[in-house]
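Asks: Residue numbers (the numbering used here), protein chains in the order written: chain A, 872 to 1438; chain R, 356 to 680.
Just so you know, these hints were derived from the structure itself, not from any lab.
The reader is advised that the hints may include incorrect statements.
Simulated crosslink set (DSSO-like; lysine-lysine; CA at most 30 Å straight-line) [what the hints assert, rightly or not]:
(1) R:602 / A:1138
(2) A:1247 / A:1311
(3) A:1267 / R:383
(4) R:385 / A:1148
(5) A:955 / A:1338
(6) A:1192 / R:383
(7) R:602 / A:1148
(8) A:1011 / R:385
(9) R:530 / A:1220
(10) R:530 / A:1090
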Amino acid sequence: MTTLIGIDLGTTNSLVAVFTDAGPQLIPNSLGEMLTPSAVGYGEDGALLVGRAAKDRLLTHPALTGARFKRYMGTNHEMVLGKKSFRAEELSSFVLRSLRADAEAFLGHEVDAAVISVPAYFNDIQRKATITAAEFAGLKVNRLINEPTAAALAYGLQDRQGESTFLVVDLGGGTFDVSILEMFSGVMEVRASAGDAFLGGEDFTDALATELGRQLGVKPEDVSREDGARLRALAERMKVQLTEAAEANADFALKGEARRVTITRDKFDEITDPILKRLRLPIQRAISDASLKADDLHRIITVGGATRMASVRALVTRLFKRFPEYSIDPDHVVALGAAVQAGLAARHKALDDVVMTDVCPFTLGFETSISVGEGKHEPGHFTPMIERNTVVPVSKADVVAPLYPTQHEILFRIFQGESPYVKDNILIGTLNVPLRGGAKDDKSVELRYTYDTSGVLEVEATPTATKKTERLVIEGNPGSLPRDEIEKRLKALAAMKIHPRDQQENAALIARMRAAFENSLGDKRASVGRLIAEFEGVMARQNPREITEARRDIEAVIGNFERDDVF
Amino acid sequence: MSSDPFGLLGIDRATATEADVRRAYAAKLKVTRPEDDRAGFMALRTAFERARSEVRWREDYGDDANTGEAENDRATSEAAAFPVGAVAIGDVPLAEIAERTRDTLPQTTPAYAGIEPYEEDEPSETAEAPDEGAEEIHHDDGFTPEDIAAWQPIRAALDRLTDVLTATGEPPPVKAVLAVIDGDDISSIDQYQTLQAQVRELLCDRTNFFDSATGMRLPGWLSLEVFDALDTYYGWSRETTTIPYLKGLNDWLVRVRRAIELEAASDTARNQARLEDATAKLFGPKDRPAETERSRKGSAIWLWIGAGILISQLVQFLARINGGG
C-alpha cells in the first residue's frame, strides 16, 4: 500500500503533508519551504516552473506566468501563458504534480492517492474540477475534505477526548468559510458550515493595489502588464507589513523614477471595509443554523493567512467578545488537517478512536413550477431535496409527478443554493427523464439525491412505471469538462515539459534575482545585475558543487536588496 | 424508518438521557464509519437524530408531552433552530408556534412592541454541554437583569432605526440607515442576530404582514434603496429556511421588494409590467421555456405520431392475418 498524502491546494499557496506515528507532518518542497506558491509559468528554456520561481517571474514575465487560478475552478475561463491557454484544472494539476514530487522525494516511494482540501463553500462543479485536476496530476482523490473541517481536525487532535464546541473562521487567499464543530467522545462533528467562495485575502490586496495606483495617479488599465504585476506585489507586501505596523511606506519605480506611496492601517481598513463586512453574514448564518449563541462556543479558531490582518482579528473579537486562537500556524493548519484525514482514511492505528462527520453546506434541490391559479403554473421555484447542513453521506428520495398527465418527459434541472428562486441559485446539471404510457398511466418518478463524504452529488431518477434509472450527467454544463476532453487533455499534459525538480532551486534563485532587479534603481540595480551575470556564468560551467556554493553566497546577500524600500 | 432508534443504539428508551444517546452513537460510530459503511452510517445517523430529539423533547416538556417521535423529530429541531422570540409566545410551546401558518399570525403581537428577550423561550442547546441540569430556562416568563441589560442596546437601536426611517415620511438616506444598524453598540454576533430579526419584523409589520385583512401597504419611506440596503446587510431574500414562520417573513419581503419595484417604475413602465404579467399568465412565462410547456406541445405531436404508428401497425397486422389466411 502506498502512503496517502494530504494536500492543501490554496489560492495563494499550497502545501503537502503526511500522517506519521508522530502525528501530521508537513513536507518541504525542493527549496526546503513548506509553502509552495500556487503559481505556474514558462521558464527561459520553455519548461514549466511551479512555485516560488513562477511567483517571482510573475513580476518579470507576467505574460508567461499565472497565479490565483483556483478562483477559476469550475469555470471555462482559460489563462493564457505565452502561446498556450490553460484551464484552472490544468494549472492546478501542475501545482499538484510538484507537491506529489516533493512527497515522493520525502517518502522515498511513489505516491498516487491524496486527500485534498477544498473550501467548504466550493460547489459541486468546483469540487469535480478539483478531482479532475488531481487526475491530471496522476493522483487519485481518496476524499475531498472541507478546509475548515481539516483545520478543526488538526486542532481537535490536540484534545481528542475533550467535549467542546468550536467555531472555525477560515479566510484564505480566495475563499471564506465558517464552520461550527462539536467534539464529544472522539467524534468530531461538523454542525454547520457557511461561506463565500469569492472572498479572500486577495480581494484585500486588489483593493490596496487600486489605492496605490490612485496615489501614483495611474489607472490599472493604463499601466503595463509588468508595472501592474509589480504594483500588485507591492500591495501584497505592504498589506503584510500592516499586520505589524500602523503605517507602511515604499517607493515604486515608475518610468525610471522612484515614487513614494504611503498607506496607514486606518486608510487600509477604510478601503477594505466593504470586503470586511461580507464576513459577517456567513458567520451569522452558521451560528443560526447550528442554533447556537456566541456564549455556547468554547473556542474561536482563525485559519488562513488572511486572518493575520488586524481588521479581520478585530472583527472576530468584536463579534464574539473575545480573542480568537491561532496556536497552529494559520497557513499550515489546513494541510495538517488534510494529513489527519489521510491518516483516518488509511486507518492509522493512532487514530482509531477518532471519527469525523461533515455536512453538506448547501441546499440541493430542483426546479418546480407552482400553481398560480386557473390551471396556470409559474416555473422557477426551487424545491429543496437535501437541506443545507445535513450530515453526509446522505441519500434522500422523493416522488415527483409531472405537471400534465400527457407529458412525455420530465426535465429535472438540478440546483444548489439558498434562494427560493432558481435564478439566484447555481445550476449544477440537468436530467431528462422520458415517461412512457398515456394520460392515465402512473407517470410519477422517484428522484433520489445522494451526497457523498467528498461533497459530490449524484442524482438518480426512476420512473415508477418502468423502474429504469436515469443518472445525472453533469457533462455539457457550463464549467465542467466532458470525459473525452479530460482524456485528451490528460495526454497533452503528460507530454508537457516540466522543469526538473533538482534544478528548481537554481530557477527560483534566478527568478528571485530578476525580481529584485526590476524592483531596484540605480547602483543597487547594477549590483543585482552583476550578481545575475555571475550566477549565470557559474551555471554555464555545470559544476554542481560550485553552483551550490554560489547559490549560498547569493542567498546571503540578495535579502539586502529585497529589503530596500524601492519596489 | 419504522425500526426503533433506541434499539439500534442499544439503549433503554424510557431512561436514556441525551448524554446516553450521544455516548451510544459515538461508540457505534467508531465501528460504522461514514466512509466505510455508507448505508450503515446513514441508518445510525437517522437513529441518533430521532433518539436525540425524542430525549430532548422529554427533557424539555416532560413525559406527559406528546411523544409521537415522527412529529417530534421535526418539531423539536425547528424549535431548536428558532433564533429569536419573534412573537409573543406566552405558554404556547415553540413547536406549535413554528407550525403556525401566516394566517394565524395576526393574533400575535410583533416582538418589538414589547420587551421579549429571546433567551427565555429558546430551548437551550447548552443542555448538551456536560454541565447540563444547570439550565432552567423553559416556561419561565421572568427576565433576569442580564436579559434586560442585553436588550437595552437592541431596543435603542430599533428605536433609532424607526426614527430614521419614519422621520419625514420620505425615504431616508441609505447611509443614515446603515449608521444605525452597523453602529458600534451592535457589535456582537448575538446582538446582530437579534436586531436582524427585529428589523425584519419591523419591516413586515409596517408593510402589513401581520394584518392580512388589509393587504400589503408600502410606507412612503420604504424606497428600493432603503430596502436593498437592509436586505443586503441581513440577506433575507437570499435565504431559504425550513422554519415556516421565518420562511413566511422572508417570502413576504421578496414580494414587498417586487411591489416597491413596480411602484417605483413610471406609469408607462408599470402598465407595461402589468401587461407582461397578464400575458405571462395567459400564455405562460416567456423568459424561460418551462419544461412542462415544452413537453405539453411535444406531447400533442407525439400523440399523433403514436396514433400513426398504431394505425400502421394495425394495418400491417391485418394485412398479415389476411395474407396468412
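Asks: All the hints need checking, so say for each whether the structure fits it.
Replies: Against the structure, the hints:
About 40 Å separates the Cα atoms of residue 602 of chain R and residue 1138 of chain A, which puts this hinted pair outside 30 Å; it is violated. At most 30 Å may separate the alpha-carbon atoms for a hinted pair to count; residue 1247 of chain A and residue 1311 of chain A meet this at roughly 21 Å. For the hint linking residue 1267 of chain A to residue 383 of chain R, the alpha-carbon distance of about 22 Å falls within 30 Å, and the restraint holds. The straight-line distance between the Cα atoms of residue 385 of chain R and residue 1148 of chain A is roughly 41 Å, outside the 30 Å bound, and the hint therefore fails.
For a cut-off of 30 Å, the pair hint linking residue 955 of chain A to residue 1338 of chain A is broken: about 48 Å separates their Cα positions. For the suggested pair residue 1192 of chain A and residue 383 of chain R, the alpha carbons sit about 37 Å apart, so the restraint of at most 30 Å is broken. For the suggested pair residue 602 of chain R and residue 1148 of chain A, the alpha carbons sit about 25 Å apart, so the restraint of at most 30 Å is met. About 25 Å separates the Cα atoms of residue 1011 of chain A and residue 385 of chain R, which keeps this hinted pair within 30 Å; it holds.
For the suggested pair residue 530 of chain R and residue 1220 of chain A, the alpha carbons sit about 58 Å apart, so the restraint of at most 30 Å is broken. For the suggested pair residue 530 of chain R and residue 1090 of chain A, the alpha carbons sit about 28 Å apart, so the restraint of at most 30 Å is met.
Comparing the model with each numbered hint stated earlier shows that hints 1, 4, 5, 6 and 9 do not hold.
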